[in-house]
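Undergrad: The residues making up each chain are set out below.
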Amino acid sequence: MTSHSKTLSLNRRTFLRVSSVAAGGLVVSLYFDRSVRGQEGQPQPQSQPPQKVYPPDAFIRITSDGNIVIQVNRLEFGQGVHTALPMVLADELDAEWSHVVAELAPASDVYKDPLFGIQMVGGSGSIAHSFQQYRELGAKTRAMLVAAAASKWNVSPAQCRTEASVVFGPGAQKASYAELASDAARQPVPQKVQLKNPSEFRLIGKPVRRLDSKPKCNGSTKFGLDLDLPGMKVAVVAHPPVFGGKVKSFDDKEARAIDGVRDVFQIPVNVGGTGVAVVADKFWPAKQARDLLKIEWDLSGVQAADTSELLTHYRQLATTTGNVAVTRGDEKALEKIPTTNRIVADFEFPYLAHAPMEPLNTTVRFDGDRAETWAGSQFQTFDQMAIAEVLGLTPERVTFHTEMAGGGFGRRAVTDSHIQREAAVIAKRMRGTPVKLIWTREDDVQGGYYRPMHVHRVEVGVGPDGLPAAWRHVVVGQSILAGTPFASFLIKNGVDGTAVEGAADAPYVIPNFHVSVHHPTVNVPVLWWRSVGHTHTAFVMETLVDELATRAKMDPITYRRKLLKPDSHKLRRTLDLLETKTANWRLPRGRAKGIACHECFDTGVACAVDVSIENKRPKIYRATVAVDCGMAVNPLTIESQFQAGLGFGLIQLVSGGAITLKNGRVEQRNFDGYTPPYIIDAPVDVDVHIVPSTDAPTGCGEPPVPVISPAVVNALAKLTGKRYRTLPLVNI
Amino acid sequence: MATYRLNVNGRQREVTTDPSTPLLWVLRDELKMTGTKYGCGISACGACTVHLDGVATRSCVVPVSMIDDRPIVTIEGIGADPVGRAVQNAWIDKDVVQCGYCQSGQIMSAVALLKNTSNPTDVNIEESMGGNLCRCATYVRIREAIKSAAKQVK
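In order, the protein sequence lines correspond to chains A and B.
Using this note's numbering, read the first sequence as starting at 1 and increasing by one per residue.
Using this note's numbering, read the second sequence as starting at 1001 and increasing by one per residue.
Hints are computed from structural coordinates only; laboratory data are not their basis.
The model shown is predicted, which means the values in this text are computed figures rather than measured ones.
Treat the hints with care, as some may be off.
Computed from the model, here is a short list of chain B residues facing chain A with C-beta under 7 Å [as the list claims (entries may be wrong)]:
1. A1002
2. Y1004
3. T1034
4. M1129
Positions of the beta carbon are idealized from the N, C-alpha and C atoms, including for glycine.
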């Protein structure tokens, strides 16, 4: 997803509502006073908050034993928001950090992203969009606790101070937040509060260890797949071998003979196909039974995609101008440059599966007039609506629990909610029984929703100063957004912004600049994949700019500085920092330094790698990263995201990093064929340096990914003199 | 269906299941011990790693019928072992986890490594941890935490 606004303020019709809860304590809820329509489709009077639908839709609960329970309004799947947002709130609240407990909030209007208006994780916006929201929630709650104490002691709130979940009065008075919580709940919610000056922060900006570490290290964390409910059944589904294929007939005699199998039936699946669901007491009988199904498929009328054929088609398309994303200067400028001063570069990128470690799953129980669901979802709002639609319910009748998720990288943010629809269809038939749908790893690797395959053709005309004077760039790849609710505002003039982001808005001054795109329609579902278009555009831009620097016999950092737009402040600062931090690199023979920089999701990143070639593969000894993400909320998490995010990005280079199709069938099945980076492929050491900043915080989930592949390839080019433009890297 | 007596984390457990059922699914679905994770089912990712008779083993490909009385140690029990506890503590101290889903298997592999090699080199680490996939790619901190735990164990 793209981030397309920097607004951090809350909607003006948002307000806080406070109530005491039965258990004793303070509940502060943030409600959206939607004057348009309520969830039942009835207009709601503006003076009344909408009915609270899913208890407890609160952000803060102070329990009688002093715990500060904070609701996290989005999924935790590795990015660290389950620690960072509570830090932000607890800082303004002056809460004792060791008493803070974080919980993942269920689906509810109150937890929608303040900027996007749906409950979701995407666009690296978790901190960027909720920083101000959580600060205000903390500060308002603190003000109410202080007001309660002041009233009790008959002093002015201004005479009180707070620290570590205690209010101190002007005399020797002191009262803990737990003691004050009930009284505080009766105080009015302040309209405005004074937020801290950054110099007063006690948590924000400090390295704070994750709240979810310990249970993840002793096996006690319950991910969605670990859910166990009384009477629960497990479902697996046989999907068509070609996307959109249908069941012609099936024989389930052997499948039903497996002990523990409860039901076998045909269901609709994604992109218009049908499949066969097996419901059993446990996973193993369900899987065994599925493997014994004899299904005859009807594949007529569905396109059998073939990646080698697609590649031929894409290469041809790339020689023609597509829908124009940006055009600057003279379109004919390129032809005026002598051919000896031109570079023609063709790039190829394969389909990539997200393959999060926790296989996709969702549990649904349908009770006739209500349903309950458990899912590690990046898109609670859409997934809840989809389940409701399948079950013929209104969304608020679907209680939606957000489960801790084992990775996602975009795969749990699917606008067609196909996993949840499958789960709901099965639960509908198994009425009253909770059913956990599990996609096996094979279902996941072969199941589509990939980073689209792309071909780029770039023609560059080099000016007498060695800088690019003309740049004509054609991108070919499926549109991710076509057919989704995002299409209307993110596809413009036939250009899906997510296909050209990072290229059309490149930070380099190129006087004659033309970027266009073709979006072929292919029967392979595609999806945003951590850093989306930047996965391929940054590779193209940064390897070409590096090549131009080499051609101009200039230092790659100096060259980039010369080419950067004057207002590319974040990239300039990161390049400066990177230069300082790598100034003392003295590489032995056979090793080379590669550079890349890229800005995305409002975060600037510059990266240097120290690389050799071992066993025909790049060996990365060290990576140094400089980051400008505005104010660093949790530097420890930022360091971690960048250290590991580089490794994640390396799937573009490892030889097993490609999904291919032949005759409509995906050729890889599991991690033996689709092989992401293991420890041997990752950098041995990564040092991360954060540019000090007081700007608003920006994202850190996706920005680590784009820089690593071009940096490594730029180093390889120094070692071999070759340019690598076809991914994955098969031959060095 | 057959009945098996298993020694899990020092306790005798009895399960009745199909003989082909992998140990992974016996742990998760029969014994409700969900710390051991399903990642691939083909011994390619290491998320399901347990210790079988002291050896790091992919539980997703070991049928329950093949186990006999060999002791099984899982992530839920590894903290009772001094090396196991040191590794868990190092993981927390170095803030290794991100999504955390693979970390049970990473920790089990790391403990097995340190039990055999008290002062592992980078090459030892790459060999022993080489089959444990982390899609978040937390490998830099995994390496750091293993080295830190090695110092604690000494």
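Undergrad: Now look at each hint and say whether the structure bears it out.
TA: Hints versus structure:
1. A1002: violated (11 Å)
2. Y1004: violated (14 Å)
3. T1034: holds (4 Å)
4. M1129: holds (5 Å)
Hints 1, 2, counting from the list given before, are not met by this structure.
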